[in-house]
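Undergrad: Listed below are the residues making up each chain.
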Amino acid sequence: MTIAASPSALRTGVIASLGLAILCVLSLFVGVSPLSPGRVLSDTEALQLLLVSRLPRTLAALLAGAGLAIAGLIMQTLSRNRFVEPATAGTAQSAELGILVVTLLLPGAALWAKTLVAGIAALAGTSVFLFTAHRLPPTQPFLVPLFGIVYGGVVGAAATFIAWQADLLQFLSIWTNGDFSGVLRGRYELLWITALMVAVAWFVADRLTIMALGREASIGLGIDYARMMRIGLVLVSLITALSVVVVGMIPFVGLAVPNIVSRLKGDNVRGTLGWVAVGGAGLVLSCDIVGRLIRYPYEIPVGTVMGVVGAALFLWLLFRRGSHG
Amino acid sequence: MVDRRLLALGAAALAVAVAFLSIGLKGNIAFVLELRLLKLAALVQVGVAVAVSTVIFQTVTGNRILTPSIMGLDALYLFGQMAMIFLLGGVGYATLDPQVKFGAEILLLMALASALLLPMLKRRLDMGLMLLAGVVLGVLFRSLQSLLARLISPNDFAVAQVMSYANFNAVRTDLLAFAAILTLAGVVAAWRARHVLDVISLGPDTATGLGVNWMATVAGLLLLVSGLIAVSTALVGPMALFGLLVATLAERIVGTRRHGMLLPAAALTGIVTLVGGQTLFQHALGNATALGIVIEFVGGLVFLLLLILGSRA
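Chains as they are written, first to last, in this note's numbering: chain A, 10 to 334; chain B, -14 to 298.
Worth flagging that the hints you see were computed from the coordinates, not collected in a lab. Being a predicted model, the structure only gives us computed values, none of them experimental. C-beta: ideal position from N, C-alpha, C; glycine also. Honestly, I wouldn't trust all of these hints.
Unchecked claim - A few chain B residues that don't get close to chain A, going by computed Cβ distances all over 10 Å:
#1 69
#2 72
#3 78
#4 170
#5 177
#6 188
#7 201
#8 234
#9 243
#10 245
Said to hold, decoys possible - Chain B regions said to be covered by chain A (calculated; three or more residues, Cβ under 8 Å):
#11 119 to 125
#12 132 to 138
#13 278 to 292
Claimed, not checked - Sample of chain A residues with no beta-carbon within 10 Å of chain B, all distances over it, derived:
#14 179
#15 229
#16 277
Isolated chain B, as found in the complex (with noise of 0.2 Å):
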């Protein structure tokens, strides 16, 4: 029943976690295995969250490489961020409950996203004119934020440093649990909605043909993408083109749009990739701040050629 493809997805996931928990094991081993799995259930939800969400986006925008960081949604929720340090000071920031923080933030970017993406979706703009939007905006956002940066003391400056980063090694584990009911939910939603997926991928005219109200739904999975977004930016930081990567490498192994196929495949294709990454430059390479850096490179690269190979098959 299980398709063979996510069976083996599945199995290499398991494996890099047990690679992730096990290797270099020694010390106290109680104590290192739970530091461990704190972090590992850090990265699995982001890889998930940013999946997921990038699969999603990329259904309700029709378009395949689009994903909510290139549209500038994760320079949205760190402009967000910058701008509540603007508002409360950094003392008042710091001192607010991380939960508290946490929930605003997300708000606030659900917020901003539907005010943006909502009016551009509804006209339905050329889908050239969208991307180059979306980039821009993603300028916009990540300008304004240094600009907000610049006017802020450096005391509150030093608060805001540490989160515009991608950073895998001080994930943020005081947001852990509350983080990891959001994604859960935001899976289980997205899993839900599968077969809607599959019918928002036929476009909006035929979609709403079929019995969809159009508008709604794609309102509904704009908020989903944009609170998973929340989590795995709030989390590690912002990762540009780490969704595309984990997309379009899902959608090569599967061989389909099918949410049911993609939507787990793409998942499992996220943990694999971070969880692996991680692992292979904590222990192989010795230096693991550098991941970052290494997926934007990487998922560039990879990117770049299957654009060509693409454009030319």
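Extracted from the complex, chain A is given alone in its bound form (with noise of 0.2 Å):
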């Protein structure tokens, strides 16, 4: 593909470049206790505000947008249909119903120990959902995405009754709504492994995009379809593992970015996971600022915003498409 390489596409992808770092400026200088770019020069306390909650904030927003638009790219090219994400294939909820389980049995598991159970849950919960939408027709495109949100509903009830028997309700509600208020310098780390795992997309970008022309095809062009349908599957679930445990569920980002960026640039993965990525990593981390603003001094969860500002941005989207076809 010549997309990259041509002055246009340069000059959109320094400006969505620029647009990142004014969100990221703006994120690092938002806040409840006021902070300048002078005062960090001159003041330690300042200085240290900035590194242990400021900085990792921002970060974490960065990593978990990238992460999950990736993981909702991932999941649209496995499954073949542009409607489905970690939300709504039953990812977020069955990590959900992990962690809450090893919380119970396993209260002292070290935080690592419980991202890797909500990670294997997420694994069975994703496989399941992939191996038995795979029988739906493939003449029904909308079936996929409904069996999921019901499926994800299933998975997510069995979630509340037990979360509801244990009087863990509370603890379910931190990881189904994401919120980044918490996070501080030692908090997130774990994150940094969503980096790794879009490091791994992006080497495996081009098979992707193969597999998107479905099991015969990419078979026929030679690619070991089980074994990439596996490490799909294991990013999928440890980037949406990752972002539960961490932060809460961010609803909207694997919909809605890999979405509008297929519409201006394409189905070649390698192509769009740049874009994928930076624009995934924007929308959370503009939506986490609009959460700190629009009842300042107090916060409102970017799972809140997102709900709101993903579905709008989503509805404009089938609609702008419904209006031209």
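Please dock the two separately framed chains into a single complex, following the hints provided.
TA: Now the structure itself:
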């Protein structure tokens, strides 16, 4: 593809990076305690605030956003359906169920161990979804997201039931509703694994593009279909589990961003991966900033803001397409 | 004349109602019976309202997977309620006459629903698009509701929070009489429209060819659906998959989409499921609050099973 080389693409690339950089700077200096760039240089306390709270928070938003958007992209490629993302395929709900169970059985387990269990649960849940969704008739693509949403609802209901019995409903809501206000240095570093996952996705991007052609076509083109499927599933499950455990689920990132990018840039995963990552990071970060400002000095969780913004964005996308077609 | 399967469903509904009233009856029998009768009346209303509105909605949209709740109607209702609390404040809202409040909420829902759904139906959107848009709209209203919930004061929030979960124990008996009139009116209207519904189910073109003013009829039916949904959501709270479960089961039981059969069958199935489930949970499992969660769970499982089985056949 020559998209990346054309001057207009380069320009949009520069604009996008600049936008993201501006968002990052904003995120560093917007918050309850006043912080200005000048003070950071002179005041050690201000510097401390920046390093312990603002910087980790900004990084966490970037990592979670990019990761979830990529997870959505991979899900859509694997299931060959545009409307699937971790929150609509039972992945997030399975991760929640997993972490809930491990919290009940082994309350003292380390965070990484809980994340691992959540990841395994997400993997199992998503595998069941993909395996079953495969049996739905390909002529009715809207059945797949519907199936996924109901499936996620069933898994979520099981989690709610267990949490309700064990008086853990409040914990559950921490994992189901993404929120960056608790992110401090030392509490978000697991999210860096997401960056690793994105790197792996970049490495297998071309194979993912071919996977989107379907099982027969990809085997015919020399892809080890089953192995790629496993890699994709592990990527999606781990990214989702990390996000659920560290900051809670953020809906719509994985749905809206890859769809917008695919309309603008096509479906070559190698060409769109970077855009999806930047778009997801920017979307989550700006929603977090909005959540910090909308009822200053109180904060609104990013999951709630994203529910409104993401849903509105997605509807706009849907109907723009409707009016063209 | 009356179908055997309908009779069986009717008998089952009667049986669960009797069981609900009579099991574990002790102490001041008159008092307990009065309490249970009120609750039974509410459950029956909710079962019937959800079932009938789901069947009508499926016919109007020409899709058996859609339900008003999946399209976000109950989320819309809760959003309207939250918007009223937001504008009036918790105290102002709580001191309003419940029936005035309820009436205002129903009107608000009807207005919002027509404003959102009619254009979608008018443009005869592709089913996939419509479904997805509905699901996303539902998420949008739930998120808007929780956003408003974050913006109001904690006291107002306490007023609001009570309403946003399905709860079969704290049934709103103060609204019962008013709701009963609405449900009855809705059911009568639906029953009278059963033949029109049969024609509507043939699709807009055929229906228009057969002399139905499609747009006007569909608009009227949508208002009816929103009214019924408002009743059930106001009485017990939102239930996403209950309507789907009941409508699908009813269609399996009577094996036809003829509304003369399907409407009563769905209503009876709704009663059996809700009253039966509540009886079971209250007496056998000793844990009545969880019925809402379990209906979501079982409803979801049944639905997935039907989807898989249906597509394989």
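Undergrad: Give a verdict on every hint.
TA: The hints, checked one at a time:
1. For residue 69(B), the shortest C-beta to C-beta distance to chain A comes to about 19 Å, beyond the 10 Å cut-off, and the non-interface label holds.
2. No beta-carbon of chain A comes within 10 Å of the beta-carbon of residue 72(B); the shortest separation is about 16 Å.
3. Against the 10 Å criterion, residue 78(B) stays outside the reach of chain A, whose nearest CB is about 20 Å from its own CB.
4. The beta carbon of residue 170(B) sits about 32 Å from the closest Cβ of chain A, which is more than 10 Å, so the claim that it is off the interface holds.
5. Its beta-carbon lying about 32 Å from the closest one in chain A, residue 177(B) satisfies the requirement of being farther than 10 Å from that chain.
6. With a closest Cβ-Cβ approach of about 17 Å to chain A, residue 188(B) is found to remain outside the 10 Å limit, as its non-interface label requires.
7. With a least beta-carbon separation of about 24 Å from chain A, residue 201(B) lies farther than 10 Å from that chain, consistent with its non-interface assignment.
8. For residue 234(B), the condition that its CB be more than 10 Å from all CB atoms of chain A holds, with the nearest at approximately 15 Å.
9. Listed as outside the interface, residue 243(B) is consistent with that label: its C-beta sits roughly 25 Å from the nearest C-beta of chain A, beyond the 10 Å cut-off.
10. Even its closest Cβ contact with chain A, about 29 Å, leaves residue 245(B) beyond 10 Å, as expected for a residue assigned away from the interface.
11. With a threshold of 8 Å between beta carbons, the proposed coverage of the stretch 119 to 125 of chain B by chain A holds, since 5 of its residues qualify and at least three are required.
12. Interface restraint, the stretch 132 to 138 of chain B with chain A: holds (3 residues with C-beta to C-beta distance below 8 Å; minimum three).
13. Check on the stretch 278 to 292 of chain B: 9 of its residues sit with their Cβ under 8 Å from a Cβ of chain A, so the three-residue criterion for coverage holds.
14. Taking the minimum C-beta to C-beta distance to chain B, about 13 Å, the non-interface status of residue 179(A) holds against the 10 Å cut.
15. With 10 Å as the threshold on Cβ separation, the claim that residue 229(A) sits away from chain B holds: the shortest Cβ distance comes to roughly 26 Å.
16. Remark: the non-interface label on residue 277(A) is consistent with the geometry, its nearest Cβ contact in chain B lying 24 Å away (cut-off 10 Å).
In this structure, none of the earlier numbered hints is contradicted; all agree with it.
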